[in-house]
Amino acid sequence: MSTPTPLPELPPPVINVGILGWLRRNLFSSPGNTALTLLAIYLLYLAIPPILRWVLLDADWRGTTRQDCTSQGACWVFIKVRFDRFMYGFYPEPERWRVNTVFLLLVLGIACLLIKSFPRKLWVGTFLLLIYPVIGFHLFSGGSFGLPVVETSQWGGLMLTLIIAGVGITTALPLGILLALGRRSQMPIIRAICVTFIEFWRGVPLITVLFMSSVMLPLFLPEGVNFDKLLRALIGVALFQSAYMAEVVRGGLQAIPKGQFEAAAALGLGYWKMMGLIILPQALKLVIPGIVNTFIALFKDTTLVIIIGLFDLLSTVHNAATDPNWLGFAIEGYVFAAAVFWLFCFGMSRYSQNLEKRLQTGHNR
Amino acid sequence: MPEQQQTPARPPFWNDPRIRSIGFQCIALLGVVAFGLYLLHNTQTNLQQRGIASGFGFLSSPAGFGIIQHLLPYSESDSYGRVFWVGLFNTLLVSALGIFLATLLGFIIGIARLSKNWLVAKLAMAYIEVFRNIPLLLQIFFWYFAVLRAMPAPRQSFNLGDVLFLNLRGLYVPAPVFETGFWVVLVALLAAVAATVILHRWARRRQELTGKRFPVVATSLGLVLGLPGLAFAAAGFPLSWEYPELQGFNFQGGLVVIPELAALLAALSIYTAAFIAEIVRAGIQAVSHGQTEAAYSLGLRPSYTLRLVVIPQALRVIIPPLTSQYLNLTKNSSLAAAIGYPDLVSIFAGTVLNQTGQAIEVIAITMAVYLTISLLISLLMNWYNRRVALVER
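If you read the protein sequences in the order shown, they are chains A and B.
Here the first sequence stands for residues 1 to 365, where the numbers follow my numbering.
Here the second sequence stands for residues 1 to 393, where the numbers follow my numbering.
To be clear, the hints were calculated from the coordinates, so they are not data collected in a lab.
Even glycine gets a Cβ: it sits at the ideal position worked out from N, Cα and C.
Be careful, since some hints might not be right.
[Unchecked claim] Calculated cross-link-like contacts (lysine-lysine; reagent style BS3-like; alpha-carbon spacing at most 27 Å): (1) K122(B) with K357(A); (2) K285(A) with K121(A); (3) K258(A) with K285(A); (4) K116(B) with K357(A).
[Claimed, not checked] Covered stretches of chain A (in silico footprint by chain B; criterion: 3 or more residues with CB under 8 Å from a CB of chain B, positions within the stretch not fixed): (5) 28-39; (6) 182-195; (7) 213-223; (8) 323-334; (9) 344-354.
[Unchecked claim] Residues from chain A shown here face chain B by an in silico Cβ test under 8 Å; the list is partial: (10) G203; (11) P205; (12) I307; (13) L314; (14) H318; (15) F341.
Let the sequences and hints guide you as you build the complete structure.
In structure tokens form, the structure reads like this:
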């Protein structure tokens, strides 16, 4: 009696593995799915080639005037000619190195913070939060160290967008944390004040806030005190965003179990030590996605300053598109502005996802 | 040896937490009141100096400007108060239409994002990532200045089957004309809705008592569509359409969607739909797979599993953020001011404020309107949340 010898293992059917298998599983698993796939491919076929031709193949890249735009595609000459205006607004050309220096410093600082193994991050962070704004302000506006003064009405373009977003973010976060703590406070009057403040700002559109800060703020100030238009917009944006930030932080505070508060109190920590050392580090980590979402919203909302007559990136693009020398190139301008905003917002959201993963200390199952 | 009761020494009164908390609150209250009084004082001096009389008397004086779209009857001789209502109704119109379109688009994209079809899921993802990360104002500008302003003149308008016309002046659609006898259809519709509600209750009670199911959805659909349809036929089709026609240089007749409204609506619904899609995806993914498996093991068919197990639980996660998106859309509709759609902010906080100079009153009224809307929706939301919240021991 011979022992049965097992047959050699057959390879899996060709149609179930490799590219074919993947296609079958993901695109053609059923008649309905096949129809959907074909429809999607047809739509892509309708959309992609004309867009590609417009953006790249038929586009005009070289030249300095609108006469150089002869083909059917996009006229990127328009963007090239106006690029400096889009970046710096009316900031005088010989002084632009100041803007570049400030943003270069910012990029360097943030790069140091992002590199995981960089030493002395605390020092870099302190520098960015405390010393850097002072340097930035003096370089931008001038008037000291023999630098000529540049009025804020000359600031504009992407530079202004970044300034408003940066100032808004750095003031809204601490204000929002304070408001959230106030809203969770045991003291009824403090709580009532914070709730009223938060619900008021969250209930009205930013545009009315900007209207208010540009029309009503001068009425609120004592005689002779006059705020700069940019500063008024900044105050409006910061107050508005701090209310949203407060709600995000409150979500994190509510998610911290009561035992943490009790344990901190049992160790004899006072209120501020309990919050600063035990509760906030955990709460803020939980709400990183929410905080970044608020940042992104703030960044997109900076475009609204066009309503009160500041020249941010969108505003300069919009004005350039109505320039009689360059009529008819609005689409190119808007596409360029959209690409810039998209890069910033998408970058921020990707970074937050990354950070979330890195700070994950195993609380979720 | 007598046991010595060791009572801790009473802390000095400034270290007593209760007294401290009262003290802090008094300081905070005083600070807020003082700040308010300071602002009030400044405002009064400033107003006096500029010779602006405060008060709401200006609301009854004539406005003297035209409005390109009004749902209420309006003419230039009407008062500023009338302008307020016209603006409010325009805001509500664009918000309602936007909410409807954004929900529709958002749910489709959100479900497509979870599709098993790789290509469809990736396309939905691309849609979300592109439109979510571009500022809304930029999108409004794009639709208004780059797309709709570039439309041809009325004589060369895009013609869709001689029914829809798209040109520089807007989108022209046929207008329904209700003839006498149309009320029969409305009555039939009301009756059908009432019958559906009664049927639903009856079917539910019967199921609780006997366990027998009744095809409620199909029957209600038949009732709501069929009864008015029958009435419509019985009354001799009392509805006709008025088609837009080219006369001279412009179209006459029909309904016109002005380009400002079209651009605002397109941008608002496309932008908000991207957020709604993410909410829908998160909501559906929040229902754990075990729920579906448990339902299957109880013998529920896939359609019942979806309807009775997955959707109710997903809605609990979806509805609160969805409402806040609706609220955002309503507040974002105020960006109408940038392209001149006559909404509340554009004509009331814009034109009326410039004409009268009553900054404080106008801005206060405008903010009060938005605050009322958001507080109303928040109250509704809290009520709903309490109703659907998980009841735990």
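Checked hints:
1. Taking the CA atoms of K122(B) and K357(A), the gap is about 23 Å. The hint holds against a cut of 27 Å.
2. Between K285(A) and K121(A), the direct Cα distance comes to roughly 18 Å. Compliance with the 27 Å bound is thereby established for this hinted pair.
3. Between K258(A) and K285(A), the direct Cα distance comes to roughly 17 Å. Compliance with the 27 Å bound is thereby established for this hinted pair.
4. Proposed proximity of K116(B) and K357(A) is supported: the alpha carbons are some 26 Å apart, at most 27 Å.
5. Judged by the Cβ-Cβ criterion of 8 Å, the segment 28-39 of chain A is covered by chain B as claimed, because 4 of its residues qualify and three suffice.
6. With a cut-off of 8 Å between beta carbons, the segment 182-195 of chain A has 6 residues touching chain B; three or more are needed, and the interface restraint holds.
7. Counting residues of the segment 213-223 of chain A whose beta-carbon sits less than 8 Å from any beta-carbon of chain B gives 8, enough to reach three: the coverage restraint holds.
8. With a cut-off of 8 Å between beta carbons, the segment 323-334 of chain A has 3 residues touching chain B; three or more are needed, and the interface restraint holds.
9. Beta-carbon proximity to chain B at under 8 Å applies to 3 residues in the segment 344-354 of chain A; the threshold of 3 is reached and the given coverage holds.
10. Because the smallest distance between the Cβ of G203(A) and any Cβ of chain B comes to about 4 Å, under 8 Å, the interface hint for this residue holds.
11. At about 4 Å, the closest approach between the beta carbon of P205(A) and any beta carbon in chain B falls short of 8 Å, and the interface hint on this residue holds.
12. Hint status for I307(A): holds, given a least beta-carbon distance of 6 Å to chain B, under 8 Å.
13. A distance limit of 8 Å between C-beta atoms decides the matter here; for L314(A) the minimum to chain B is near 6 Å, and the interface restraint holds.
14. Taken as an interface hint, H318(A) checks out: its beta carbon lies about 6 Å from the nearest beta carbon of chain B, inside 8 Å.
15. Interface hint status for F341(A): upheld, as the beta-carbon distance to the closest one in chain B is roughly 6 Å, under 8 Å.
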